[in-house]
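Asks: In case you want the letters, here they are:
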Amino acid sequence: MRLIIPLAITFTSGMIMILNFFIPHQPFALLGENLQEWYMIVASGAIFLGSANLLHVHFRKTRLKLKNWKYSPVTIVGFLVMIVLGLIYGVTENLPFDYLFMNMVAPMGATMFSLLAFFVASAAFRAFRASNWRATLLLTSAFLVMLGQVPIGAMIWDKIPLAKVWLMAIPNTAGQRAVMIGAAMGVVATSLRMIFGIERSYLGGAD
Amino acid sequence: MNRLPAVILLLLMLTAGAAMSQSGGPPPGDEVRSAALEQRVSGPMELEAVDSPDDAGGAVDINWLMEAEGTVPDSLGVIRTGPSGEEELLAVLPTGTLLYRDTTPLNGTAYSYSIVSYYGGEIAGASGEVQAVPSAQWLYRGRVGMMIILVILTGIILFYIESGKKGRELYIREIAGLAAVDDAVGRATEMGKPVLYIPGIMDMDDIQTIASMVILGRVARKTAEYGSPLLVPTSRSVVMSVAQEVVKEGYIQAGRPDAYNKENINYLTDDQFGYAAGVDGIMVREKPAAIFLLGTFYAESLILAETGRSVGAIQISGTAMPSQIPFFVAACDYTLIGEELFAASAYLSREPKLLGSLKGQDAAKLFFIILIVVGVIAATIGQFWPPLESVAEFLRDLVTVN
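Residue numbers (this note's numbering), protein chains in the order written: chain A, 316 to 522; chain B, 87 to 488.
Note that these hints are calculated values from the structure, not bench results. It should be emphasised that the depicted structure is a prediction, and the values quoted were computed from it without experimental measurement. Ideal placement from N, C-alpha and C gives every residue a C-beta, glycine not left out.
What the simulated footprint calls covered on chain B by chain A, stretch by stretch (three residues with Cβ under 8 Å from a Cβ of chain A suffice, anywhere in the stretch; the number is not a length):
| # | stretch |
| --- | --- |
| 1 | 215 to 227 |
| 2 | 234 to 240 |
| 3 | 322 to 330 |
With the hints as extra help, turn the sequences into a complete structure.
Replies: Listed below in structure tokens is the structure:
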């Protein structure tokens, strides 16, 4: 039963969603909508689970003074302050919750995002080394794309921006589409494996 | 000076006359309205009402045109006449609207529709009446091609699964990233450092996250066998719950349930960059020897992969997001590109049925390659020879989903 029930649920839900995609008639449309709503309800309920886990892990770390425990009180205080302010004042504009979100959370997120520029530079420095002919090809095309993106490229030679457009529109798009088609095949195969109960490892040890 | 009373009298008479003329005549607004109604107001024409296609019924699509000549009306009204003959104003729409969907009719009942134009609060024009009967459809017309393809695909995959079950030898090329999983876990064990597993930032309704959970089960079994701690920070609560179960089962299968530590599979935050910051912090503090980045990633991919590289970890990444693959290739030791992520479970388990599905997946890909090549040739030669253009058109329709 430990195996049959999850497999039956997976098969039924999977088939309903496939039929819902191809058949607009009732009851498939309604069943498909209901399943999606159920997922939303489960996911919403799981938010409490996540919050409880977060508090449990950091309270435990603080209480037992585990490695790097000093960061945990910061997390707990930040979490509780945001929750309390949101519950007392609400989350609409120009209120304490919104003020903290806009002036602390958003800038911190932007800071993390901006780090990407430096990481791109360091990754590009490593990747663009002419170690063999394929790497040289990559280096050359990357150089052309970067040069074509900035005004100095057109000043050096007016065909460089055109080369950039060609590289992005033809070889790059072809490569991306190849990856997408392959991934789509993988998605279909994985879904079929799960729906038909061939792939069972996500059920843990229920073989 | 003798004329002064006469002038005052004249002024008083003029003022009174003006006041009388203002209070005695019709109000200026009515004058304007009357004048407006005399103008020709543009009215609706060529009204059509059809059953909404590809739905479960209960909807009628109404569209119309407006006369080019005449004054623009203030608004438009949609009027429906039911089977009992009772007229009902369904909606008042702003000028310029040319279509409306009635979502309230009953299936199988005939309704008449007309559009009226309003000007100055009055009905200034009306279209003729048209009839429509809403009904439910059994098939999305624009998805028939996709259904045929899915049936072919399913047939191919099931055929190879059966072949696998019968014990037919199936060759699967080596995937370096997957072959390195054991080495990565072994390295972490030798160094006495933890293994960090990052399942992407999407929820369990994303197939890449599901594929990642399947690989996590195998990694968990290995870490349990080798005795290395496994850290799984998640950005979704549902993923955390599933990951806890998957890892727990992996440890049970390896015969090491005592080594399972629930606290190591924890929830950080749903926020994309908050999660990236949290995971970066774990990398810098814990210095894992092996990092797995498998699942759906967006802009945080390079932030995570570069930080992982900076702490000297061996990194195995995999995603089907085409825009993130170059970042992983540049920053990680091994990268599972697109479909390889979905092949991991079959590759690692070597189960004949799963390998069969993998072979079927490859055969299906070959089918699509042939379809693409035929389509490209037909579209190219079709420029000069029209019969081939229709072949290209057919293939285009087949793979287009509406």
